[in-house]
Amino acid sequence: MMQKRLYIWLALLCALALASCDYPEKPVYEDWRKVTDSCTPYMVDVPIFHSPMSDWRVRHPKFLEEGVYTLKRCMICHESNIACNRCHDYVGVKRILPNVFDPGYSPGFIRTWHSVAPKEY
Amino acid sequence: MDETLLTVFSLTLYGAAAFFALGLMAWLHRRHEELGKVKLFTLILRRLLSLDLLRGHVLLWLIEMAFRAALVIVFLRYLRFFMFPVPYELIELKNIGIYAAHVLPVLLFLSLACRSLTERGAAISSNGDYLISLLLIAIALSGLWFHYDASEDQLEIKAYTLGLAYLRIVPLPFYPVFILHSLLVAALAAAFSALRFWSVIFGGRPKAGQS
Numbered sequence: 001m002m003q004k005r006l007y008i009w010l011a012l013l014c015a016l017a018l019a020s021c022d023y024p025e026k027p028v029y030e031d032w033r034k035v036t037d038s039c040t041p042y043m044v045d046v047p048i049f050h051s052p053m054s055d056w057r058v059r060h061p062k063f064l065e066e067g068v069y070t071l072k073r074c075m076i077c078h079e080s081n082i083a084c085n086r087c088h089d090y091v092g093v094k095r096i097l098p099n100v101f102d103p104g105y106s107p108g109f110i111r112t113w114h115s116v117a118p119k120e121y
Numbered sequence: 001m002d003e004t005l006l007t008v009f010s011l012t013l014y015g016a017a018a019f020f021a022l023g024l025m026a027w028l029h030r031r032h033e034e035l036g037k038v039k040l041f042t043l044i045l046r047r048l049l050s051l052d053l054l055r056g057h058v059l060l061w062l063i064e065m066a067f068r069a070a071l072v073i074v075f076l077r078y079l080r081f082f083m084f085p086v087p088y089e090l091i092e093l094k095n096i097g098i099y100a101a102h103v104l105p106v107l108l109f110l111s112l113a114c115r116s117l118t119e120r121g122a123a124i125s126s127n128g129d130y131l132i133s134l135l136l137i138a139i140a141l142s143g144l145w146f147h148y149d150a151s152e153d154q155l156e157i158k159a160y161t162l163g164l165a166y167l168r169i170v171p172l173p174f175y176p177v178f179i180l181h182s183l184l185v186a187a188l189a190a191a192f193s194a195l196r197f198w199s200v201i202f203g204g205r206p207k208a209g210q211s
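Chains A and B, in that order, give the protein sequences. Following our numbering, the numbering of the first sequence begins with 1 at its first residue and continues without gaps. Following our numbering, the numbering of the second sequence begins with 1 at its first residue and continues without gaps.
Watch out, some of these pointers could steer you wrong.
As the list claims (entries may be wrong) - Rough simulated footprint, nothing fancy, chain B against chain A, three-plus residues with beta-carbon under 8 Å: (1) 9 to 20; (2) 78 to 86.
To be verified - Not close to chain B: a few residues of chain A, all C-beta gaps over 12 Å, as computed: (3) Ser54; (4) Leu71; (5) Arg73.
Said to hold, decoys possible - To give a feel for the contact side, a few chain A residues facing chain B, derived at Cβ under 10 Å: (6) Arg5; (7) Pro24; (8) Lys26; (9) Pro27; (10) Phe49; (11) Asp55; (12) Arg57; (13) Asp89; (14) Val93; (15) Lys94; (16) Ile96.
Simulated from the structure, these hints should not be mistaken for lab results. Glycine included, each C-beta is placed from N, C-alpha and C at the ideal position.
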């Protein structure tokens with residue numbers, strides 16, 4: 001009987017310890033400009049080809065797998081540690097490590113891609 | 001998802017996990033009292049390797065072992081939903097985990113066919129085995145549906161599952177495939193615990209050759 005009570009107290013203590021731990025919040029981008037920081041000052045909140053943003057976030061691996069977009073093309077505007085790896089680390093998928101020696105690798109080099117979308121988007 | 005519905009869903013998952021964990025602990029305790037430490041360890045090893053099944057049906061044993069290996073890989077892969085930061089080794093398991101997830105339903109169908117189509121397989125299988133096999137097939141197929149459908153945000157799901165691990169109920173959008181998959185896992189945990197642990201504790205003995 002004593003042993004059973006001990007187990008119950010141990011389980012309760014474990015639950016209490018877990019509940020008092022700091023819960024790791026999911027990454028949230030308060031300012032989308034930070035994600036595409038190379039595209040200021042004309043950038044709209046979400047560019048036309050990423051709209052709606054929630055859908056883009058879910059489907060982008062498929063787009064990349066199917067070749068609709070390429071990693072090199074993403075890296076024109078985005079810097080992987082800001083735009084990709086925060087969520088990738090949280091979810092536990094592979095980090096995006098762009099090939100910096102690739103002749104096409106120039107993060108943020110073309111600064112007008114996002115800014116060409118009309119304001120209403 | 002509605003707050004009440006989410007609470008009920010979370011409590012169902014917690015309930016199934018508690019039923020499984022308590023069943024396992026009670027079974028270990030009971031068996032430890034009956035057999036002693038060394039024999040309990042041997043019993044666990046025999047159960048894990050299904051040595052009774054090896055004597056009963058070699059082909060079924062081979063399929064079961066392959067299935068268990070695939071299940072372990074998928075289970076390790078799914079640990080990433082309950083951990084932060086996620087260890088590098090688990091992230092690297094992605095490709096092999098996807099292969100294992102595809103192999104799982106094939107092995108389960110083979111196992112079910114072996115059990116139901118051969119006389120020897122039918123003789124060593126109980127209704128509980130069929131129930132567990134069917135639940136596992138449903139889980140494996142809903143997992144593949146989740147993988148190919150890819151319309152549910154992993155970020156939201158990770159926030160929710162991590163919340164479960166930290167004993168918090170975090171808001172979750174209505175994701176039917178994820179909910180179906182989770183409820184099937186909860187049903188499997190409850191059924192497995194009832195058939196393998198609680199039935200032994202309350203007097204019954206598993207049939208010889210059960211996996």
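Check: Non-interface claim for Leu71 of chain A: all C-beta distances to chain B beyond 12 Å?
Finding: With a cut-off of 12 Å, Leu71 of chain A remains clear of chain B, as the shortest Cβ separation is near 17 Å.
Notebook entry, point to check: Once the shortest beta carbon distance from Asp55 of chain A to chain B is found, is it less than 10 Å?
Noted result: Constraint on Asp55 of chain A satisfied, holds at 8 Å.
Margin query: Would the hint on Pro27 of chain A be counted as holding, given a Cβ-Cβ threshold of 10 Å to chain B?
Written below: Holds - the Cβ of Pro27 of chain A comes within 10 Å of chain B, reaching about 8 Å at its closest.
Margin query: Hint Lys26 of chain A vs chain B: min CB-CB distance below 10 Å?
Written below: 4 Å, holds
Notebook entry, point to check: Hey, does the Arg57 of chain A contact hint survive, CB to chain B under 10 Å?
Noted result: 6 Å, holds
Item checked: Per-residue hint verdict: Phe49 of chain A, partner chain B, C-beta under 10 Å -> 18 Å, violated
Checklist line | Interface hint for Val93 of chain A, Cβ within 10 Å of any Cβ on chain B | finding: 7 Å, holds
Notebook entry, point to check: Any Cβ of chain B at or closer than 12 Å to Ser54 of chain A, or is the non-interface label fine?
Noted result: 7 Å, violated
Margin query: Three residues or more, CB to CB closer than 8 Å: is that satisfied between the region 78 to 86 of chain A and chain B?
Written below: Since three or more residues must qualify, the claim that chain B covers the region 78 to 86 of chain A is violated, with 0 doing so at under 8 Å.
Check: Holds or violated: Lys94 of chain A as interface residue toward chain B, Cβ cutoff 10 Å?
Finding: Since chain B brings a Cβ to about 6 Å from Lys94 of chain A, closer than 10 Å, the hint holds.
Notebook entry, point to check: Holds or violated: is there a CB of chain B closer than 10 Å to the CB of Ile96 of chain A?
Noted result: 12 Å, violated
Notebook entry, point to check: Arg73 of chain A: least C-beta distance to chain B exceeds 12 Å?
Noted result: About 20 Å separates Arg73 of chain A from the closest Cβ of chain B, which puts it past 12 Å; holds.
Of the numbered hints listed earlier, those contradicted by the structure are 2, 3, 6, 10, 16.
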